[in-house]
Structure formats: C-alpha cells, structure tokens
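My request is simple: use the sequences and hints to build the entire structure.
If you count the sequence shown from 1, position 80 lands on 80 in the numbering used here, and the numbers rise without skipping.
One or more of the hints may lead you astray.
Each pair of labels, with its calculated beta carbon distance range [said to hold, decoys possible]:
id: 1; residue 1: Ala64; residue 2: Asp102; range: 25 to 31 Å
id: 2; residue 1: Pro94; residue 2: Thr125; range: 28 to 34 Å
id: 3; residue 1: Gly88; residue 2: Asp133; range: 46 to 52 Å
id: 4; residue 1: Ala64; residue 2: Asn150; range: 31 to 37 Å
What the hints contain is simulated information worked out from the structure, not anything from laboratory work. By construction, the Cβ of each residue, glycine as well, lies at the ideal position given by its N, Cα and C atoms.
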Amino acid sequence: MRILAFVIPALFGAAISGCGVGGSATAGNPAGPYAATTREVAHHADVDLVVSALVATPRGPTTASTVILHATFANRGTACTPSGYRDGTLSYVPFRYTVSRDGEIIAGGEIAGLTDDDAVTRDITLVDQPPGDKTYVVTIDSTDAIGETNETNNQATVLVIFGGAG
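Below is the structure:
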C-alpha cells in the first residue's frame, strides 16, 4: 500500500496544465515547507510575471479616503511558477505582491501560483488615504522569489487625483 501512495503523484501530478501540481504523498518533503530548490527555480526560468492591468476606483478627481486598486497579475511565460511539497501535498510555492505609495509599502498579499499564460485579479482596498495626488505602484514577486526571464517588468503604476467634485 505504501508503494501505491508514492505512485499517486506520478499519476495525478500533472493535473494543472502539465505543471506537475496537484498530487500528494504520504510523507512531506524534509527540505522545508516547500521543496523549491535552486534547480527547480532554474527549471522554471521561462516564467515572466507582470502586473498586466491596474485600475484605481474611484479614478478621480475624488475626495474619497478609500481607494480600491483592481490589479491583474499574469504569467506571460511558457512555464509554471515553481511548486514543491507542503504537508505532503504538491502545490505551488506562493509569492508576494506589494503596493507602495510615495516609496512606502502600504499593502501586500500573496498569490498561490500561476500556470503558463495564466492570470488572476485581486481587488486591493486601501483605507484612510491622505489627501493629495498619489501614485500607487504595484509590484508582483516583490521579494524576487521566482526566477524569471524578465525581472524588469514586475511593476505597474496608477495615478489617483484627489480633490475636486469626485
């Protein structure tokens, strides 16, 4: 029966767009919470993470102190983001995104992973924003955890104009 448990990842591991994610094993990988190694990151060198769309609501001019950023994060590469074992289950290694204003990080979150040519949208609510025109910068893979074909295209910006009739 133990042999069958180790065959399961081989049978079902390619369940998500051929990325090798989705299988399970009876024992976790001793290499840590995720077994993403340098070799695995190099294997995923055809990953290209981008902020493919960024829209602020309200667009302005506004006097609102709450801004919602609608950000679409995409992998324009031909490979999936890295995966590894966590608690005995093969899954994507999560990576972070951040939102900054005036050079200060004010929000952030996590994306579980992206297959090749995949995208996910997040609504990021920013409350108690100070008055004045603000430029918000959203950065995907803000900790450079994922090796990519292009590390220079991970940001998008949006300007929100404060004041006026809204």
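To see whether the hints hold, each was checked on the structure:
1. Ala64 <-> Asp102: 25 to 31 Å: The hinted range 25 to 31 Å is violated for alanine 64 and aspartate 102, with Cβ atoms some 18 Å apart.
2. Pro94 <-> Thr125: 28 to 34 Å: For proline 94 and threonine 125 the Cβ distance comes to about 21 Å; the hint is violated.
3. Gly88 <-> Asp133: 46 to 52 Å: Between glycine 88 and aspartate 133, where Cβ atoms are some 50 Å apart, the hint holds.
4. Ala64 <-> Asn150: 31 to 37 Å: For alanine 64 and asparagine 150 the Cβ distance comes to about 35 Å; the hint holds.
Hint compliance for this structure: hints 1, 2 are not met, and every other hint is.
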